[in-house]
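Novice: Quick mapping for you: the protein sequence lines, in order, are chains C and H. Take any residue in the first sequence, note its place counting from 1, add 1, and you have its number in our numbering. Take any residue in the second sequence, note its place counting from 1, add 1, and you have its number in our numbering.
In short, the hints are calculated from the structure, not lab data. Predicted model only: the values in this text are computed from it and were never measured. It is possible that some hints are incorrect.
Claimed, not checked - To be clear about the criterion: a stretch of chain C counts as covered by chain H if any three or more of its residues have a C-beta under 8 Å from a C-beta of chain H, and this derived list gives those stretches: (1) 56-63; (2) 398-411.
Said to hold, decoys possible - Residues from chain C that keep clear of chain H, each with C-beta distances beyond 12 Å, as calculated: (3) Val4; (4) Arg21; (5) Arg34; (6) Gly107; (7) Glu218; (8) Ala320; (9) Ser321; (10) Trp348; (11) Ala350.
As the list claims (entries may be wrong) - Estimated spans, in silico, between C-beta atoms of each pair: (12) C/Ala365 to H/Asp412: 20 to 28 Å; (13) C/Gly389 to H/Arg177: 54 to 62 Å; (14) C/Thr162 to H/Ala299: 16 to 24 Å.
Glycine included, every Cβ here is placed at the ideal spot set by N, Cα and C.
Here is what each chain is made of, one letter per residue.
Protein chains: 2
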Amino acid sequence: MPVNYTTPAPEALFPVAGVRLGMTEAGIRKPGRKDLTLIELAAGSTVAGVFTQNRFCAAPVYVCRAHLATASTNNIRALVINTGIANAGTGEAGRQAAEATCAAVGQLLGVAACQVLPFSTGVIQEPLPTDRLIAGLPAAKDTLADNHWHDAAHAIMTTDTVAKAVSRQFVIGGKRLTVTGISKGAGMIRPNMATMLGFLATDAAIAQPLLDTLVKEAADASFNCITVDGDTSTNDSFIMMATGKGEHTFTSGAEADWNEVKAALTLVARQLAEAIVRDAEGATKFITITVLGGKTRAECRLVAYAIAHSPLVKTAFFASDPNLGRILAAIGYAGITDLDVENVKVWLASQEKSALVSEHGGRASSYREDDGAAIMRAPEITVRVDLGRGAETATVYTCDLSYDYVKINADYRS
Amino acid sequence: MPVNYTTPAPEALFPVAGVRLGMTEAGIRKPGRKDLTLIELAAGSTVAGVFTQNRFCAAPVYVCRAHLATASTNNIRALVINTGIANAGTGEAGRQAAEATCAAVGQLLGVAACQVLPFSTGVIQEPLPTDRLIAGLPAAKDTLADNHWHDAAHAIMTTDTVAKAVSRQFVIGGKRLTVTGISKGAGMIRPNMATMLGFLATDAAIAQPLLDTLVKEAADASFNCITVDGDTSTNDSFIMMATGKGEHTFTSGAEADWNEVKAALTLVARQLAEAIVRDAEGATKFITITVLGGKTRAECRLVAYAIAHSPLVKTAFFASDPNLGRILAAIGYAGITDLDVENVKVWLASQEKSALVSEHGGRASSYREDDGAAIMRAPEITVRVDLGRGAETATVYTCDLSYDYVKINADYRS
């Protein structure tokens, strides 16, 4: 069960002018599950993406990078997404399969193969059943419609227990801005540049260089701040699409509304990323870890991830056990070799309560175990660490480690 | 149940001349469990140790370092070890408690406080009950005997399911060498310089500078190669003791037998370290990860630890599922940014069978899923990775991740 997240109703997801979505069951994943999604973009849309830094990156990630490299001359017109098979660890044959998929989509929609971006998610190192995928494309095309975000969010799921979608309309500078996005992912989540799969569309017109920069900044403030198990996937991809069919237009970034629009798009990206952690495999708690007082942002992230990845800290959260020494131990081994523990402070907070738990290298004198226990029972918990050595800060979102994480991942292929 | 490890019988543990051990129930841990151990060393013994690099290191680690710093002028004569409370994250009060313990042991045995080394293991950030500990010391002293290694191995356990001891006699250069050691630890295991607690004694005479170097080399080849959950403890300590009551004497390291004796002592250290992984919390498999073909040992260790710490890889081992893409993903995100996956090869092996599973960035053409499945069912599995870019190598020992790891760590304090 996800932590404080439910999929919005279909009517709560605003269509984005210039985007149509279609999906079908192509027999790639389990019977009875839609596993193939097409997203068609109006001519003139701009698209930018960030992808996994995993060296064993998936074949579709190679192909996306190549096609986006020509995006200024050949606008991207379609995305094709399959679940069931990740097409990663599949070598040259995998890249040919991804290219063949793009060629088939291009032929169907009357655009060039290099105007199509392919995405896959599922089991690694098994071959993509290209024949079944291509055979399913016409059925997906037949369902293309602008109000199919809800169905698309379902069709890209794998071990997710809920479909993830966020949709918002803003009025900025008197003009309406629509932003709708979907994401998927529940395990093998420690995005490095982007998450498993995230797609975000807006009706603003955003020039390619602006969008290229924005997608990186938004990823750094959203998908690059979440972790479930520390495993960076081979397929992480986060895509931003701007159709230019709405009321806003940005060509230089000097426009008055640009900063506010950037903040709006980043907010939706962060909510999509948070939804992944809330639905993390086996998760029962949503944990925010904020590290402040660091010399550099990098060292704040080091400490935040050490806490977020510690199996001992994660099992203590699962047990609602204020075993705070485990957090101290993680801070201590995070890699700041000249950390003076005398200056480190640690707080634990729920929405109702906050407690200083540690200072001067030991337990805070004001700390009461009952307070810690009450906070640990909450479904949303914040760990705040002050390193006491600078002004930088970083935040990471994660979850607890439960029996069900082991069960889900021990059973995944069976 | 530990993987292929059982505690040797008491009579299989050779006494080391010059070492006596005593233990008692001081009421620090659970009722009915011995939790306080004294080790007395003959005058003239040399002692060297390595300790955790965790910045939140425990109070006894501070005190050990200070006492060992004067060890060339004040030979160490006793070790005192308690379980139940780690005396870590306890600030200045914790250091005073460790010093008070040493003073009480010194008074009891007629040596100086700075000739005593203190060790604690258990819950972090709770105060050490110094009164109960000191009150228990006379009873521990009354049981001092040279054939109590078996009882001492039991008395230092916490979540361990078996006591860990290794004892060997060698004949090197016609002279007998006796080596006996004990260790403890089952979780929060990713030693960085040393393990939770490991104590190794020999009857050779080894000059202090030689022993100082040897303890580091032996730790690097043993305790520093194991990981259970990636959590570096606050209390890791590995101690080597040389009593000089046997037939060997080493003063310069130029002696003919020194290399062979070093190898013998290192072998016992490695077996003690392996015993910790075999008894890791919830472990059902013992996994050896060897990475070769690296440019540096450091990058080989990076890849080996990425595989060893991946919860997805660990749960696949638990499930006996040859989900090999998870191993590729871990290699890919380990941090070698210029890794050419085209040159990477991965083998999986049990004692009966070996299979090349991956090459050229994809599944090896000769690989059969049945072979992978057969290997994954074995209790001892080796993952061998050739990075194909150099001549360096590294090996790491680890275990799988099971329901029981979560259960043990969710319940630890209750």
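Novice: Please go over all the hints and tell whether each is borne out by the structure.
Specialist: Each hint tested on the structure:
1. Note: the stretch 56-63 of chain C has 3 residues with beta-carbon separation from chain H under 8 Å; the three-residue rule is met and the coverage holds.
2. For the stretch 398-411 of chain C, the stated coverage by chain H is satisfied: 8 residues place a CB nearer than 8 Å to a CB of that chain, which reaches the threshold of 3.
3. Distance check for valine 4 of chain C against chain H: the nearest CB is about 17 Å away, which clears 12 Å, and the non-interface claim stands.
4. Residue placement check: arginine 21 of chain C keeps its beta carbon more than 12 Å from all beta carbons of chain H (closest about 33 Å).
5. Look at arginine 34 of chain C: its CB is around 20 Å from the nearest CB on chain H, clear of 12 Å, so calling it non-interface holds up.
6. Glycine 107 of chain C, annotated as away from the interface, keeps every beta carbon of chain H farther than 12 Å; the closest lies near 25 Å.
7. No Cβ of chain H comes within 12 Å of the Cβ of glutamate 218 of chain C; the nearest lies about 22 Å off, and the non-interface call holds.
8. In this structure alanine 320 of chain C is not separated from chain H by more than 12 Å, as the shortest Cβ-Cβ distance comes to only about 4 Å.
9. The Cβ of serine 321 of chain C does not lie farther than 12 Å from every Cβ of chain H; its closest approach is about 9 Å, which violates its non-interface assignment.
10. Non-interface call for tryptophan 348 of chain C relative to chain H: holds, since the shortest CB-CB distance, roughly 15 Å, exceeds 12 Å.
11. Distance check for alanine 350 of chain C against chain H: the nearest CB is about 18 Å away, which clears 12 Å, and the non-interface claim stands.
12. Distance hint check: the CB atoms of alanine 365 of chain C and aspartate 412 of chain H are about 26 Å apart, consistent with the given range 20 to 28 Å.
13. The hint said 54 to 62 Å for the Cβ distance between glycine 389 of chain C and arginine 177 of chain H, and at roughly 55 Å that hint holds.
14. Between threonine 162 of chain C and alanine 299 of chain H the CB atoms are about 40 Å apart, so this pair departs from the stated range of 16 to 24 Å.
Consistency with the previously given hints fails for numbers 8, 9 and 14, ordered from lowest to highest.
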